[in-house]
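Residue numbers (full-length UniProt numbering), protein chains in the order written: chain Z, 1 to 332; chain D, 1 to 332; chain W, 1 to 207; chain L, 1 to 207.
Source of the hints: derived by calculation from the structure; they are not laboratory data. All values reported here derive from a predicted model rather than from experimental measurement. Check each hint, because a few of them may be wrong.
Said to hold, decoys possible - A few chain W positions that, by computed beta-carbon distances, are all more than 10 Å from chain Z: (1) Gln-20; (2) Leu-51; (3) Ala-54; (4) Lys-66; (5) Val-72; (6) Gly-77; (7) Ala-78; (8) Gly-80; (9) Ala-93; (10) Ala-112; (11) Lys-143; (12) Gly-148; (13) Ser-178; (14) Val-185.
Claimed, not checked - One side of the interface only, derived from the structure: several residues of chain D facing chain L at Cβ under 7 Å: (15) Asn-105; (16) Gly-216; (17) Ser-252.
What the hints assert, rightly or not - Computed footprint of chain W on chain Z; a stretch qualifies when at least three of its residues, placed anywhere within it, have a C-beta under 8 Å from a C-beta of chain W: (18) 105–112; (19) 194–200.
Even for Gly, the Cβ is constructed at its ideal location relative to N, Cα and C.
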Amino acid sequence: MKKFVNDPSAVVREALAGVAAAHSDLRVDIEQQIVVRADAPRSGKVGVLSGGGSGHEPLHGGFVGLGMLDAACPGEVFTSPVPDQILAATQAVDGGAGVVHIVKNYTGDVMNFQMAAELAADEGIEVRSVLVDDDVAVEDSTWTAGRRGTGATLIVEKVTGALAEAGAAADAVAAAGSRVNEQSASFAVALTACTTPAAGKPGFDLPDDEMEIGVGIHGEPGRRREKLRPAREIAAMTVEAILGAKPLAAGSEAIVLVNGLGGTPLIELYLLYGEVAALLGKAGLRVARNLVGNYVTSLDMAGMSVTVCRADAEILRLWDAPVRTPALRWGV
Amino acid sequence: MKKFVNDPSAVVREALAGVAAAHSDLRVDIEQQIVVRADAPRSGKVGVLSGGGSGHEPLHGGFVGLGMLDAACPGEVFTSPVPDQILAATQAVDGGAGVVHIVKNYTGDVMNFQMAAELAADEGIEVRSVLVDDDVAVEDSTWTAGRRGTGATLIVEKVTGALAEAGAAADAVAAAGSRVNEQSASFAVALTACTTPAAGKPGFDLPDDEMEIGVGIHGEPGRRREKLRPAREIAAMTVEAILGAKPLAAGSEAIVLVNGLGGTPLIELYLLYGEVAALLGKAGLRVARNLVGNYVTSLDMAGMSVTVCRADAEILRLWDAPVRTPALRWGV
Amino acid sequence: MDVALARSWIAAIAAAVAEQADYLTQLDSAIGDADHGVNLNRGFTAVAAALSSAAEPAAVGDVFVKTGTTLVSKVGGAAGPLYGTAFRAIGKALPAGSSTVDAAELGVALRAGLAAVQKLGAAVPGDKTIVDAYGPAVAAFEKAAEEGLAVAARAAAEAAAEGMRATIEMVARKGRASYLGPRSVGHQDPGATSTWLVFQALADVTR
Amino acid sequence: MDVALARSWIAAIAAAVAEQADYLTQLDSAIGDADHGVNLNRGFTAVAAALSSAAEPAAVGDVFVKTGTTLVSKVGGAAGPLYGTAFRAIGKALPAGSSTVDAAELGVALRAGLAAVQKLGAAVPGDKTIVDAYGPAVAAFEKAAEEGLAVAARAAAEAAAEGMRATIEMVARKGRASYLGPRSVGHQDPGATSTWLVFQALADVTR
Ligand SMILES: Nc1ncnc2c1ncn2[C@@H]1O[C@H](COP(=O)(O)OP(=O)(O)O)[C@@H](O)[C@H]1O
Ligand SMILES: Nc1ncnc2c1ncn2[C@@H]1O[C@H](COP(=O)(O)OP(=O)(O)O)[C@@H](O)[C@H]1O
Ligand SMILES: [Mg+2]
Ligand SMILES: [Mg+2]
Ligand SMILES: [Mg+2]
Ligand SMILES: [Mg+2]
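Working from the sequences, and respecting the hints, build out all of it.
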């Protein structure tokens, strides 16, 4: 296995040690595996907390800081955090105004956050949850686990974080997060599988001329496999899937994320962004804001996802609000 | 070949189209292949320009903006830009106070920039050049091409850009850049080779349990090949090579960059940063500032480089100065 | 089953999970995220440590509650809450304070564990989950309970194995494998497989 | 050599470079950055276009100056300035305005091209570069010049081939291959190889 690691089972803790060394404005509890804003808890401010399996960096630890998350609780690689850990993070950011949990829709994440919310309630902390399920590669259904949470998580975290920073109440913060989620759709394509440190080998084999369509961010295979095609056609397929699945009305404004899954170089992501922006323009959407880079990753997977969020004036205002985190920074 | 591209020979231009679509505060000339700050040229301000082969994104185009580069001229993948192109960029940022070229020490880059500087002189534009040659994996010698320019380029660009923004004269800007270069050392290790779109296959084969030590950022093999070792030992070897090659005196402050070569996930880079910071601390250096991420890349190569720059108060002040570019942003 | 036997069961599960960790992870790699074996192994290693460091519990139920609580706080993912809640429910359904329980009582408790899993995860038979091995196992255990613990345990293990194998042909509707839709067919469910290990361990220690 | 022959030579180089582009890139992949064939092919494609679109130049020298100027502005990397400067120097060293040049005059011009390459790149023989094929080629050309262009060109091509093969054993001291130090031994230099193509093309069109 080709990785810069010492002991596969210590990767998350050792990476957190690096985060602690690198970012003096974060408080990192390596044992509990939580990353907290140095000034948390802020009395009267709603705490915004997110978490999930590791391996998606900079999500979530890289988004802790002014104007975004108050804390992140990274689980083991691709494994949701455990209730105790989430509770500890919840307590660390509780300023008396309640805490909002941002939870990606995976069975494990949902159950562990649910248990943590119950434990927090026992401690007198009010928790609101925002469930993110933006990945339209998966069909929505009450009979299944439903859609996965992927790229839109970043937008939900940015918008809720900005609203909480501005002093909004927990209900309003959670409602804004849910609104962003409802108005967002994502779709991903992979060119290679990723390798978890524990497994030590790629999750699946993909011939040199094939791609996986509709993958998630956990190294799982996608919905189907196809022959590799030019970037332009992949972009078209992606945009079509997104616009086909959610009513992102023509004439509206959008925040667009062209996201690398970890192993795809920026030059390809920009090339894709050019294609995606042109296609969305043709469909009548105005791209008001964009982000191109590796933000919601799947370890070393070569691949990309596109997220489109229909954005009204409030969402754009919150998106533009100052943010100072390791991975996202503007206005301060 | 597993890449999101359309036509291998059009990758750079098509990626520039994406850059143009994504960043409204940059002016992109796709035909000439130059990226320029929207407000350039600024009368009386020294223009700071950098360029080199593509494939190292976000270097250099991602560092164009307030407080850093005024323009970048990306060549084809791993191929230095041509004199006409560099001249066009030089003219685009000439505000009458001269232009500083930041040139990484590669035969091709040096010659093409040299020719462009001569053409610029013919047009009455004074050009100063800062040569970056920080890669201590290569031995320094007047009989060879000398050391390569790698990670320190980012620090040179940041510091010169800040100084030019503050209104300094061309000589002072160039001198500061050269000082950063002299006080910087870098060393890189790769776990895989990279694949250029034109070649379509990896530059070299590397068995699953081996690494290349002392690689550059152009997919070339390194100085030697060894069995893969734990991250801790790789970090130690890297820090040793850096401290052994340049007198970065104990007791001084440093800017440290732990940089991914494109295919290495952030979780590994943070893990490495933890190791590197501890080792530098033991050696008596105080890490005053750091950057962890993919900044000076080699397409999809899995690997990392460490750059240490001994930083005095002036360098730190210029490092901290406001910057607003696609890939580096703070203070504004 | 007395306290010692309860502890042996848990120890046997821990040993089986450790031995089969790579296999479980490999199954999870095909239709999930390649961590099921790693997760359970981390959890049961912690359980084994917790049980051996703590004073001998007075009641059989306490062994299982402790097991479940430890799993919840160490495993994460889907398996942590599901197995954790199951063992906590099993422990709590046993007669409070009893230092021995009979097969019928254990059958009731196992049924309570299944109910807890289904309440938490909302999976029904045929969804290609833990439930597809756990459900048949409990039914077989209950049916054979009057023939004694050893017989009931062996029947449960066999039924779990059969349920596990039946997941191969199922289209997943819960858990990560559900994202694959029809592509999940042809792969054995990792969670159903670890459930079989749990019941096989019971058969082994009661033999 | 008249203007038409000069153009044929450049056309033959362009054809050879196009045909051998993958091979050149492959050589550059072993000890460089895998772009030499791509770079030269882009350059000579542009040269061919420039020469065919422009009006027939009046002088032989103009063909080479145009070739060099186009290479400088299209190739980039090390090869662009080096080959570009070489052809510009060759063109400028030929008698101004002459529509035909003899072998001796061409020999002088080729020597001027070599000098320009060495002035720009500072490589000396043995550094594992273009110079190691170009140097022997010019020397052989000069020596055979009085026997006429065809003979001189053939001698130059043979010497270039020998010089090219000799680079295999050299440790690179210039260009990217120098970063590999001793690991550059055992690989033929891409630039020396393309230089051989240049002289072989001359031999082919003058045969
Ligand atoms: N809703 C559910 N009910 C019952 N079992 C489930 C459910 N969702 C998932 N599982 C089981 O969990 C197993 C995966 O566990 P694990 O890999 O540890 O967690 P994760 O899916 O979070 O990575 C699946 O094989 C499946 O048997
Ligand atoms: N200083 C030099 N003098 C002469 N030839 C050189 C010099 N440096 C490099 N070369 C030649 O250039 C070739 C590489 O050209 P190319 O791959 O196009 O450029 P780059 O090295 O910039 O990628 C080498 O094989 C070598 O023959
Ligand atoms: Mg998991
Ligand atoms: Mg090159
Ligand atoms: Mg799993
Ligand atoms: Mg090259």
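**Asked** Is W:Gly-77 truly not at the interface, in the sense that its beta carbon sits beyond 10 Å from all beta carbons of chain Z?
**Response** violated (4 Å)
* To do: Would you check whether the claim that W:Gln-20 is not at the interface survives, using Cβ distances to chain Z and the 10 Å cut-off?
  => holds (15 Å)
**Message:** A cut-off of 10 Å on Cβ-Cβ distance, and W:Lys-143 was said to be off the interface with chain Z. Does that hold?
**Reply:** Nearest chain Z Cβ is 30 Å from W:Lys-143, so the label holds.
Examine each Cβ of chain Z, and state whether all of them lie more than 10 Å from the Cβ of W:Ala-112.
holds (18 Å)
- Query: Can we trust that W:Leu-51 is non-interface, i.e. its beta-carbon lies farther than 10 Å from all of chain Z?
  - Reply: Since the minimum Cβ distance to chain Z is about 18 Å, W:Leu-51 lies beyond 10 Å and the statement holds.
Q. Was the hint right that D:Asn-105 lines chain L, CB cutoff 7 Å?
A. Where the cut-off is 7 Å and the nearest Cβ of chain L is about 11 Å from D:Asn-105, the hint is violated.
Check of the stretch 105–112 of chain Z against chain W for coverage (Cβ-Cβ below 8 Å, three residues minimum): Per the Cβ count (5), the hint holds.
- Is W:Val-185 truly not at the interface, in the sense that its beta carbon sits beyond 10 Å from all beta carbons of chain Z? The assertion about W:Val-185 holds, with a minimum of 13 Å to chain Z.
Coverage of the stretch 194–200 of chain Z by chain W (three or more Cβ within 8 Å):
holds (count 3)
*No chain Z beta carbon within 10 Å of W:Val-72's*: Per Cβ check, W:Val-72 is inside 10 Å of chain Z; nearest 6 Å; violated.
- Query: At a threshold of 7 Å, is the proposed contact between D:Gly-216 and chain L supported by beta-carbon distances?
  - Reply: holds (6 Å)
Are all C-beta atoms of chain Z more than 10 Å from that of W:Gly-80? With a cut-off of 10 Å, W:Gly-80 comes too close to chain Z, as the shortest Cβ separation is near 6 Å.
Hint violations for this structure: numbers 5, 6, 7, 8, 13, 15, 17, all remaining hints satisfied.
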